[in-house]
Amino acid sequence: MNLNTDYILSIYQNYLTVKDSIKVTRRSFSKEISILHNRTIFENLKSTGANQMLENAGKEFSDLTVLALFASFERHLRDGISIKSSKLQEIIPTVLGNRINELAQKEIERWQISEIIELFDFAVDGNVRGKMKQILEYRNWIAHGKNPGKLPSIRNVGPKTTYETIANFIDQINHFCASQVND
Amino acid sequence: MKEKNLAKIELFNKRIDALYKQICEWLEEENVDFDKKESGLTLTEAPSGPYETKRLDVFTKDNEKLFSIVPYGIWIIGAEGRVELEGDSGEESLVYLSAGGPSFIMKEIESEKENIIRRKFNGSIKEGWHWVDEQIIGKKPLLTKDIFFALLERIN
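Going down the list, the sequences are from chains L and G.
So the first sequence is numbered by the numbering used here: it starts at 157 and just counts up by one.
So the second sequence is numbered by the numbering used here: it starts at 3 and just counts up by one.
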């Protein structure tokens, strides 16, 4: 099972691009370069109002990036397991193998992601698995409308922590798989 | 509120006080003429419920905002608290890390060379406030005077 991190790297790079774009826009207000705001939603806005808008947008985008990183990680993990499970097709008789495989593929989509995370306890240390579950809790909180009455036990998980934790999780799986091949 | 959480909040506020004091000392060392204002702030987190802390706002003598430090939370993944350093154009996060090794360790370190490189690269974590460098290969260096002044440029 070889998982790559290109897909999360791309999401994270997009986050950094937007973060700096917000910074540049905020600077255009503090330097009073109002010509840059022509025919945009910032036209005729005062610096204070625009800054508040941009700050809010930055926070929202940060949460959406956590959501996108986790969703993408989850998809790749399920796909990786799905490919591994296709070995079931080799069961004889083939017709039975194919049906078992079809059922298994559908079932993998229903597995709880927290259980999938634990599936990798042979390769990924408890610290990283624990962090992944905390990110999952935060991700669920965002995805379910950020209920202020039901805060996650860990709040303000940023894109950097999410990116690093996912990358580390994948690194540890790949490291383990490589060591099995070498043995 | 549970005693354990009260102790955490007290410790977080002590660490924030020390951070504010340190930053003001750095500004004085660099002969920055500034005014400061500390004000109360209520944060709410799931383990504790609402609790009191305080923010720091620093202004130039012309009353132009230089930066603010706003507490964000105590229960943070991989850290013992986080504050935001805010300026006119953006924010940077500072987290409190306890002494110890890097937070991410591969299960097996294959060679002494790898061990040295990894330790050198990740650093042996020194207790205190660290800057979360959001760049892809960015780490979490200990907040020093040089880093602080570089961050002021980034957020303004």
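No lab work stands behind these hints: they were computed from the structure.
If you're wondering where the values come from, they're calculated on a predicted model, not measured in any experiment.
C-beta: ideal position from N, C-alpha, C; glycine also.
Some hints could be false.
Derived BS3-like pairs: lysine-lysine, alpha-carbon spacing no greater than 27 Å straight-line [what the hints assert, rightly or not]:
1) Lys175/L - Lys147/G
2) Lys179/L - Lys16/G
3) Lys56/G - Lys38/G
So these bits of chain G aren't anywhere near chain L, every CB distance computed over 10 Å [stated by the list, open to error]:
4) Leu8
5) Gly42
6) Thr44
7) Gly80
8) Asp90
9) Glu136
inquiry  = Which constraints among the numbered hints does this structure fail? Numbers only, ascending.
reply    = Per hint list: 2, 7, 8 and 9 violated.
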